[in-house]
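Trainee: Based on these hints, arrange chain B on the given structure of chain R.
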Amino acid sequence: MKIMNCPLNGPRNISEFVWGGEVSIMPDPKSVSDLEWGEYCFIENNTAGVVREWWCHVPTSYWFIAERNTVTDEIVRTYPAGEIFNKRVEFAKQSEDKK
Amino acid sequence: MLPAFVPSGLFRYGFSKKYPARRHFPAPKDLKSTYDVVIIGGGGHALACAYYLSRYHGITNVCVLEKGYLAGGNTARNTAIVRSNYLTPEGVAFYDKSVQLYQELSQETDYNILYSERGHFTLAHTDAAMRTSRWRAEVNKQLGVNSELIYPEDIAKLCPSLNLSDKVRYPILGALYHPPGSIARHDAVAWGYARGAAEAGVEIHQQTAVTGVIVENGVVKGVQTTRGTVYANKVMQATAGSSSLVAKMAGFRLPIRTIPLQACVSVPVKPFLDQIIVSGSLHVYVSQSSRGELVMGGSTDPYSLYSTRSTLDFKEGLLGHMLELLPMLGELKVLRQWAGMADMTPDFSPIMGKTPVENYYIDSGWGTWGFKATPVCGLTMAHTIATGEPHDLIKPFNLERFVNFAQVGEKGAASVGH
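Quick mapping for you: the protein sequence lines, in order, are chains R and B. Here the numbering used here is used: the first residue of the first sequence is 1, the next is one more, and so on. Here the numbering used here is used: the first residue of the second sequence is 1001, the next is one more, and so on.
The following block holds chain R by itself, in its conformation from the complex (with noise of 0.2 Å):
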């Protein structure tokens, strides 16, 4: 059995989990192109190697980043996404300034 250990819940066993993809910071909508949204919606590196990903423990709906290494498939590190996504996207603000 694979443990993972959840930032939220401890360690857990790895079925409970699902893979999210690599992180990558959203372009912004109001000036990206078409090429590029499609690059950021399909294009993945696929690093071999520690790549920084999101993992959701999926009894409690909690999604997470952890650093896992693709070729040995350690954990190195997990913790909460708000470690890297500190600012707040305002969504709702963006639309409007597109009107």
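Hint data in this document are derived by calculation from the structure and do not stem from the laboratory. Treat the hints with care, since some could be wrong.
Facing chain B, a subset of chain R residues (Cβ under 10 Å, in silico) [what the hints assert, rightly or not]:
#: 1; residue: 1
#: 2; residue: 2
#: 3; residue: 22
#: 4; residue: 37
#: 5; residue: 42
#: 6; residue: 43
#: 7; residue: 44
#: 8; residue: 45
#: 9; residue: 46
#: 10; residue: 55
#: 11; residue: 67
#: 12; residue: 70
Since this is a predicted model, take the numbers as computed values, not measurements. Yeah, the Cβ is synthetic: ideal placement off N, Cα and C, and Gly gets one too.
Mentor: This is chain B only, laid out in the frame that chain R set:
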């Protein structure tokens, strides 16, 4: 000490010039500095491409570079199923051409690939799966592919081994039945192509890893390898599992995530299962090989990994469902387990053809559907390399479709949840 009876006839046969031993491949020689075409990767797709280039396009100054040993990657790790009952018209046309090529392949390469037509059953356990099966059957029939939706009474006649009881967690409501569905010997497919290509002049270099791609002003000039630099007019990469890493050397990214796909076989038993049984809802597929082993696979792993390790989680999930379909397997032991690294694309279709680098071609995104496409990939990629323009059958699978939002959503692919 010699045995009392020396079979001298056998010796005479063995040393006679009348019956020379036919080498599979010529002995390895030094790398040349320049080739017309360099193919990165030495799996089934690469070798098929080299075969069609050399035999049908007259391009014989071709070099195949393989990091490990021939056909030792996903060509050796699939479950050897061949079928064409896909969902999208683009996919059906493409894979059906592959089935046709497979049916003639033993003659084509003069190498017995043990092609065995079994009939392919995609079981449906839910109303949604019944609906998709009906949809697939209609698309298939429209395109001339033998495929139909059948109900439990017909399944019972065609495949008496299956547990059709309704006293299980997921009773079988019907199945998409595809009579041409087949299995083949995967190694033989690659070896047949390799021998045919080598006899036509293609050089196959194993234990030769590509470490860099030389690009000048957006045009590929050659590759760096562990045995020196090789220049080429055209380069193709066919490196399933490592596609992103090789593409990165050429300077572009792909919409691919590398995710392991695991499989296992049981100890051999007497033949009892003629058919290929697949259940998308239960994440199970199983067929019995000509050796009597049950070849079993399930869904891809739940997260990305560049590794071919096996897990207990996978086998628990797979075999739990397997016992519901074939309860008599309860006493059977697993003999071997393995995994391959699959190139998963967001729309479950391959990525083939041209790339942002001129004269650099790609054959990737082969997720869980690569083996069955081996001949048609070789045929169409050889055409693409020889003419510089993508073959009609692979035009929908171009790399730009992702940023142009023109994906080919192939929900008929194996081992993907839908």
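Trainee: List, from low to high, the hint numbers that the structure doesn't satisfy.
Mentor: 11
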